[in-house]
Structures are given as structure tokens and as C-alpha cells.
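For this one, chain A is given, so just place chain B on it according to the hints.
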Amino acid sequence: MNTEKSETGEGKKRSGDVIVETVSRVMVPFIQLFALYVIMHGSSGPGGGFQGGVIFGASFVLLVIAFGIVNAGDRFPEAVNTALFSTGVYIYAGVGLLCIICSFGAAQYLNYGFLSLPVHFEERRALGMDFIEIGVGITVMAVIAEIFFNLAWKKEEDEGEE
Amino acid sequence: MKLISISALLFVIVLGALFIYVAEDIPDFGDPYSAPNCCIKLFDVDAAGLMDDLNQGVIPESLADKIEKRGLPLPIRVESIEEGKWDFFLVPEEKQQAFYPKEQKYYLIKKEGDKLGVYRYSLVVRWIEEGEEETEVINMVTYGLADYRGYDTLGETSVIFTAGVSVLLLLRRRGKRPEAK
Chain A
1 MNTEKSETGE
11 GKKRSGDVIV
21 ETVSRVMVPF
31 IQLFALYVIM
41 HGSSGPGGGF
51 QGGVIFGASF
61 VLLVIAFGIV
71 NAGDRFPEAV
81 NTALFSTGVY
91 IYAGVGLLCI
101 ICSFGAAQYL
111 NYGFLSLPVH
121 FEERRALGMD
131 FIEIGVGITV
141 MAVIAEIFFN
151 LAWKKEEDEG
161 EE
Chain B
1 MKLISISALL
11 FVIVLGALFI
21 YVAEDIPDFG
31 DPYSAPNCCI
41 KLFDVDAAGL
51 MDDLNQGVIP
61 ESLADKIEKR
71 GLPLPIRVES
81 IEEGKWDFFL
91 VPEEKQQAFY
101 PKEQKYYLIK
111 KEGDKLGVYR
121 YSLVVRWIEE
131 GEEETEVINM
141 VTYGLADYRG
151 YDTLGETSVI
161 FTAGVSVLLL
171 LRRRGKRPEA
181 K
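So the sequences go chain by chain: A and B. Sequential numbering from 1 applies to the first sequence in our numbering. Sequential numbering from 1 applies to the second sequence in our numbering.
So here's chain A without its partners, still in its complex pose:
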């Protein structure tokens, strides 16, 4: 984190607690790693795109709680976030469309067995499921972050006006 700014800038509100800041700085990478694990293990255990995406979004919420929206917001540019949450839906819908394209129109939309992958039919279905779980995860993560960041900015603005 940018410590210089926080010492000088007045608008930079922080929790001010060194324990909270250090713990969350250490924890966030592990939470994100766990989120990726949950997304990728949707096919062999409890988990999936929705759950993993929410955990990933929660890591950004933790950052905002610890460092304040002004500092944490810089780490997660809004333009990227906006692009991300349509990317997820595009991945999902795109995999579905790819099934039609790869089979030259013979297969149905979202029939993963016809994707051009060098494995047998059933295995392709498993891989197709993994792809769409990634898409769902990206969308859910970006939307959770978007909603929380926007609410936090709103609060920040309202307090600034007073």
C-alpha cells in the first residue's frame, strides 16, 4: 500500500490499526488462492463458479475495510472491473457458441461434447463445464466488487460533502 499518501493526505481515511492492515494484507492472497481452488474444484468436490466468485469478491471487500476505499480503489481500476463482468458472460455464451461452430452446426448450443478438444466425448463435457465455471466466477467476482465499491464510494462522497 501507498503509505506516503496516507500520512499526508487528509481525505485518505484508514482504519488506522496496524494489526488489521497487516493481517488483511497477508490474508488476501490466500483468500484469492482459495477462491481459485473453489472455482477449479467445482467438478470434483463442493464448489463452483458462484461460490468461488463470491469468495474472490470478498477478498476485495476485506481490502476496502482495512485500507479504506480511496487506497484500495486504486488497486482495482473500475474500467477493468466493468470490462470483466461482461467478459464472464461472454466466456459462458462463447463456449456455447463454440460448440455450434466446432461441429459445423450439428450440435446444440452448450453441448460441450462437440468442442474441438483432443479428448473423448465425456471428458470434453467435463472440460466445457470447467470453462463455463470460470466465466461464471469472473462475472460474480466483478459484480460483487462493483456493487461494494460503488456503495463505498457513495458513502465516501456523502461524508466528503458534509
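Since the hints were derived computationally from the structure, they do not count as laboratory data. Wrong hints could be hidden among the right ones.
[Claimed, not checked] To spell it out: a stretch of chain B is covered by chain A in this simulated footprint if at least three of its residues, at any positions, have a beta carbon under 8 angstroms from a beta carbon of chain A; those stretches are:
1) 132-139
2) 145-154
3) 157-163
All values derive from a computational prediction rather than experimental measurement. For every residue, glycine included, the Cβ atom is placed at its ideal position computed from N, Cα and C.
Chain B in isolation, oriented as in the chain A frame:
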């Protein structure tokens, strides 16, 4: 005014009683023989004369007639599971062959006293028994969510996407960040 209060009270009581009745009527959670988890009863037939045919692996004609008369698909093969229980298999229609390439387990015949009960298997039975084989995924929630109900999950994702877009439209600050204060 008094009349409205009393009728409202009565309405609430009736509604409460209805909810209690509905809650009583739900099958036991996890009961493997309840209608949603196993099979739904279609009709009864007399067992006399049919048992021999069934034990020899032949579908009795009178039973096939009764099934056809009700507009249900005709079975083509019998398989005995245990004493007094048989599975009827059928071949899917030609246009469904791409989705269901092999024979499908469809009816369950159970001996009950001197009658034979004809049951139809629920969707869940096939889901549990053949899902892993069909998709190579061991988690039945995932193959249900992402494969069998792929369209449904696409819809759910777009609902979340819509929530994100609405928040963006309603709450996003227009270019003024309280950064340089």
C-alpha cells in the same frame, strides 16, 4: 371495519392451516422410496398369469396393452432386479437418439400382494445413475448445474450481470473521484 378485521383473521387462520397441511404432506427428507426420489405409481394390474411371463423375461401382452392405452411409451425389454421387482426398458424415439443413445430404464413393476403395481421412474434416478458416466464429473450438483441445466445457469449469470449493470448505472460517480482532496 369490524367485519374486515374478522374476515382478515379468518383468512390468516385458514392460510396457516393450509401451510400446516402442506408441510405435513411433504415426503420425508431423504426417503429413497418417495415419489420424487424413486418412482410414481401409475396403475395396478392383477398378477395372475403375468408372473410367469415376467420371470421368463417376456413383456406380457395385456400389460403392454394397458400401458399403450394410457398413451405411455411402450417398453421393449424386461430385466429382473430382485424377487418380485422388474425394470422395463424402452428405446428412445429416433429424433432423441442423439441425446439418449441407449435403452432407458423407464418402468418399475413391483409385486404387491396379488397385484402388480406399475411405477414410472423419476428423473432423479437417471440423473444419479448415469450422470457420472455421461459427463466424467463426480459431483452431481455440478453436472446438473453446468451441463444438464446449462441454459438455466446462463440465465442466472445474466441475472447477476444485470444486477451489476443496474448498480453501475444508478450509483457510479460521473468522473469525480474524491481523491485529490
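At least three residues with a C-beta closer than 8 angstroms to a C-beta of chain A: is that true for the stretch 145-154 of chain B? holds (count 7)
Per-stretch coverage check for the stretch 132-139 of chain B, three Cβ contacts closer than 8 angstroms to chain A: holds (count 7)
Per-stretch coverage check for the stretch 157-163 of chain B, three Cβ contacts closer than 8 angstroms to chain A: holds (count 5)
Hint compliance for this structure: every hint is met.
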